[in-house]
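Participant: Residue-level listing of the chains:
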Amino acid sequence: MPVGDPLCTVAHWRPPIEERLILLVFIARRLLLLPVVFIGVTLAIVLLMQLLTPYQRAAAFVQSEQQIRQIDSIIEQYGLTDPWYQQYYRWMNQVLQGNMGFSRTTNEPVLTTLRNRFPATLELAILAIIPVIGIGIWLGTAAALNRDKLVDQVTRVMSIVGWSLPTFVLGIWLLVIFYGGLGWFQPGRISTQFLVEIAGRSGFQHYTRMLSLDALLNGRFDIFVDAIKHLILPVVTLAVVQSAQIMRVMRSSLLDALSRDYVRTARSKGLPERVVSHKHARRNALIPVVTLAGFTLVGLINGVVITETIFNFPGLGQWAAASAINLDYAAVMGFALFTALMVVLANLLVDVLYGVIDPRIRYE
Amino acid sequence: MKRSILALFAGAMLVASTAIAQSGPDTYVYQTFGEPVSMDPARAYDTGSGGIIENVYETLFLYSGEAIDEFEPALATDYTVSEDGLTWTFNLREGVQFHSGNTMSCKDVEYSFQYGALTAHPQGATAYLGGNLFLGYTGDGSDPAAFQENVTWEMIDNIVECPEGPDGLVAVVNLVNPTPALIPILTYTAYSIVDSQFAIDGGSWDGTEATWTDWNGRDITTEFLSTNTSGTGAYELVEWTDDAVVARAFENYWGGAPAIQNVVYQYVDEQSTRILAVQQGDADRAQINERSALVQLRGAPGVTIHEKPEWTTTSVTSVFFNFDIDTSNNEDVGSGQLDGSGIPADFFADVDVRRAFSHLFDQQGFIEQLYEGAGVVLTMGMPPSFLGYNDDVAVRTLDLEAAEEHFRAAFDGQLWENGFQFTAIYNAGNTTRQTALEIIADNLSFINPNFVMNVRSLPWADFLNRSAEQKVPMFALGWAADYADPSNFINTFYDNDGYYSDRTSINVPEIQALIDQADASFDPAERGFLYSQIGTLHYDYAPLIAVPTQSPFIVTSSALQGVYYNPMLSDEFYWKDLSKN
Chain A
1 MPVGDPLCTV
11 AHWRPPIEER
21 LILLVFIARR
31 LLLLPVVFIG
41 VTLAIVLLMQ
51 LLTPYQRAAA
61 FVQSEQQIRQ
71 IDSIIEQYGL
81 TDPWYQQYYR
91 WMNQVLQGNM
101 GFSRTTNEPV
111 LTTLRNRFPA
121 TLELAILAII
131 PVIGIGIWLG
141 TAAALNRDKL
151 VDQVTRVMSI
161 VGWSLPTFVL
171 GIWLLVIFYG
181 GLGWFQPGRI
191 STQFLVEIAG
201 RSGFQHYTRM
211 LSLDALLNGR
221 FDIFVDAIKH
231 LILPVVTLAV
241 VQSAQIMRVM
251 RSSLLDALSR
261 DYVRTARSKG
271 LPERVVSHKH
281 ARRNALIPVV
291 TLAGFTLVGL
301 INGVVITETI
311 FNFPGLGQWA
321 AASAINLDYA
331 AVMGFALFTA
341 LMVVLANLLV
351 DVLYGVIDPR
361 IRYE
Chain B
1001 MKRSILALFA
1011 GAMLVASTAI
1021 AQSGPDTYVY
1031 QTFGEPVSMD
1041 PARAYDTGSG
1051 GIIENVYETL
1061 FLYSGEAIDE
1071 FEPALATDYT
1081 VSEDGLTWTF
1091 NLREGVQFHS
1101 GNTMSCKDVE
1111 YSFQYGALTA
1121 HPQGATAYLG
1131 GNLFLGYTGD
1141 GSDPAAFQEN
1151 VTWEMIDNIV
1161 ECPEGPDGLV
1171 AVVNLVNPTP
1181 ALIPILTYTA
1191 YSIVDSQFAI
1201 DGGSWDGTEA
1211 TWTDWNGRDI
1221 TTEFLSTNTS
1231 GTGAYELVEW
1241 TDDAVVARAF
1251 ENYWGGAPAI
1261 QNVVYQYVDE
1271 QSTRILAVQQ
1281 GDADRAQINE
1291 RSALVQLRGA
1301 PGVTIHEKPE
1311 WTTTSVTSVF
1321 FNFDIDTSNN
1331 EDVGSGQLDG
1341 SGIPADFFAD
1351 VDVRRAFSHL
1361 FDQQGFIEQL
1371 YEGAGVVLTM
1381 GMPPSFLGYN
1391 DDVAVRTLDL
1401 EAAEEHFRAA
1411 FDGQLWENGF
1421 QFTAIYNAGN
1431 TTRQTALEII
1441 ADNLSFINPN
1451 FVMNVRSLPW
1461 ADFLNRSAEQ
1471 KVPMFALGWA
1481 ADYADPSNFI
1491 NTFYDNDGYY
1501 SDRTSINVPE
1511 IQALIDQADA
1521 SFDPAERGFL
1531 YSQIGTLHYD
1541 YAPLIAVPTQ
1551 SPFIVTSSAL
1561 QGVYYNPMLS
1571 DEFYWKDLSK
1581 N
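From first to last, the protein sequence lines stand for chains A and B.
Counting in this note's numbering, the first sequence runs from 1 upward without gaps.
Counting in this note's numbering, the second sequence runs from 1001 upward without gaps.
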């Protein structure tokens, strides 16, 4: 059962049409929460920024000694001494007109950065989530079914190592071995020769801005392979670290399920062990894994700062971290809004998935 | 089905596992950090932008190789100056095309200089570098009302005249205040010549009196010219994203086709990644911050470290004294009195105090400690390559006996008797400035147990705020040259009314008299003499402590040819001078 979600409860069975309607109402109610979440998140950021003096915020614009006398001018130009509600109103007014501001970190409008970087991160997240979940569930299941045997011991050690291994250490190791040593996989998103080829008005269409997909849509298998090559090391890094957590949750959840009465009943009915463990126990054990996978996916979609930085992958995480360091107000607000949207949508998706996994769960 | 998927996957992995391709023979790949802010010359004031702009746009004159005081004709072929130094007549090059296909003429010079002057962006360079020269007003556009009270359209319109008409090839530049440094100033990227027709068609300022006030004070960071370029440079901008810049050789470049056809700038924050890239041959040049990182690259196959003894940077860091400290409510000066637990406001106005502190800084030790032995001891607060740098003058360096002698003489012996205590400040994270101050503090402790100098850091914003409030007794700060003229450093560091004077209240009348004379002179020999005299007075009056400069180096692939070091260029050389084996 979804934890801590008052909108989603176990209830009695209803006919399918009514059930679908209730699901739609449930989704609509969740989506109606979005503006409230947006206002809450942005207000929190605005108030946090007020903890810094106008001088501190203006000094973040200063890139060299030559500009240090301009700080007062910058405060004046951006109205940094105005009351916080005026600054918030100004920003909100712009957002409602479709202008989320200008990111000083990427030196382009926030919307442009989101448009360019989100597909890159999404591409990485989609490719990473498959091994993250697949390996996690597979090894977690193997460990639980072979409790205290060699497979279990090895898997548990692997999960501890994977989870406790700092991402930057693993990332740099992979980079040194597979780039510095073997020269197989470059950091970045695309090789220089292809970057030059597709830059500007080259005829290469950026339909989705996910490079591997766009390469296929443009019929460029060479660029597709190049894009995949650039994704391999970050995906491996993420898979090692993130799947460890799913593996542990899957293992403990499956062990718990295997000790339940219904599993004993299934066994006593004479069902083969594989059917008992994989169909009866594992399906129930997946519920907490789905919750975790949902948040893992949100984490991946919102960018993975260290992985993106090490592999020089131009995603949202790299941008968000740099923006926070630069006190890039518009970028931080834009990123927070985007993240809030993603969290709400992912929560919704996870809640809907519960119903698919566990037919007892109904929405009210 | 399963088999075909497996075969596809295996095939892809086979391709993936082949060695990666290196950058092509006609492509120059530079891995650096610090993305450009703007492609608008009037807005850009950072090396990230400058490195691109100096190759996409051109100024009237360009730097010649490694020389910082020699200028070769570019968009102007020659010039004359009126006797009063106020009227500069430039003959423009014929047949120069912009990347858009438009032909360059006087109207473009007129538009470029006027646009820079009237936008006067607070984070750009035009108000600072040209405000006083062209308009007699140094305010920027952050306060349009004040700007428009002091500046009229007639003044803007007067900056450039086209005696042969807008399409003519003569441009007359009128100054309000003369300067001997106009050519170096106009060689800075802020005075690049933009394509006026391209700018107007794209929605930039339309070049008329009717709209100039609309553009005064506007944040041009988000305007057309910030992302769209049409220069006359050897390269045209193809793409600028937040992680890469791609430029291509301009086929109609007036100077002939360059050898390198494609230029790619990749912004890679991780230095270790940049080092791997140049080792792998994926980058032709990698920006390396610290000399200590060169250990990984020395002797690496395919990598060349370019360094020459005669190369010097044009950035100078100094330890500044505050001659008139605001002691009110100021914990950094203790009691605010010369009573052993603080310092008075005029502590550093005493020349013996300054001389004594100058004898506590170990320049050579600093070079060994921080620059791995590769640095240059400075005799004054100016790069050694600049006109008038005085190499012959003595340097006050570590001498505890001399320091004691001056401390005993200061404040009529009262200082030695009572002792003192204060705190010097640097901006957090800057190890060069931190080390300079800590060396002085360490050496001070050997002189007299009653002398206490604390060193602390402040975040950049707080450091700037506090020093601007005159509350910091001693601090370390640097300056990178905007243009290759001694005034850029001397006036910033030593002038009573210079850029740093509101933090230092510097006041050495003997030096000020020489600065005023040099500012009024157009004779290079005379100016050189006057600045060298300032070098002598720097020793006598010790108004600041110059910190040695690090010997520069450039890391490239061995295939890259044509590398040189011109410290006035944002990226040290023009792309058009490069080639690859």
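These aren't lab readings, by the way, just hints derived from the structure by calculation.
Computed from a predicted model, the values in this text were never measured in an experiment.
Where hints are given, some of them may not hold.
[Stated by the list, open to error] The following residues of chain A were derived to be distant from chain B, with all beta-carbon distances above 10 Å:
#1 V37
#2 G40
#3 D148
#4 L175
#5 V196
#6 V236
#7 R274
#8 G299
[To be verified] Here chain A is said to cover these stretches of chain B; the calculated rule only asks that three of the stretch's residues, wherever they fall, bring their Cβ under 8 Å from a Cβ of chain A:
#9 1031-1043
#10 1115-1128
#11 1233-1246
#12 1288-1294
#13 1458-1471
#14 1476-1483
The beta-carbon is built from N, C-alpha and C at its ideal position, and this holds for glycine as well.
Participant: For each hint, tell me whether it holds in the structure or not.
Facilitator: Hints, one by one, checked against the model:
1. V37: holds (27 Å)
2. G40: holds (28 Å)
3. D148: holds (35 Å)
4. L175: violated (7 Å)
5. V196: Non-interface label on V196 (chain A) violated, nearest chain B Cβ at 5 Å vs cutoff 10 Å.
6. V236: V236 (chain A) is indeed farther than 10 Å from all Cβ atoms of chain B, at 12 Å.
7. R274: holds (21 Å)
8. G299: holds (21 Å)
9. 1031-1043: holds (count 4)
10. 1115-1128: Coverage by chain A holds here, the residue count being 4 at a Cβ distance below 8 Å.
11. 1233-1246: holds (count 7)
12. 1288-1294: violated (count 0)
13. 1458-1471: As far as the segment 1458-1471 of chain B goes, the hint holds, because 7 residues have Cβ atoms under 8 Å from chain A.
14. 1476-1483: Holds: 5 residues of the segment 1476-1483 of chain B have a Cβ under 8 Å from chain A.
In this structure, the hints that do not hold are numbers 4, 5 and 12, in rising order.
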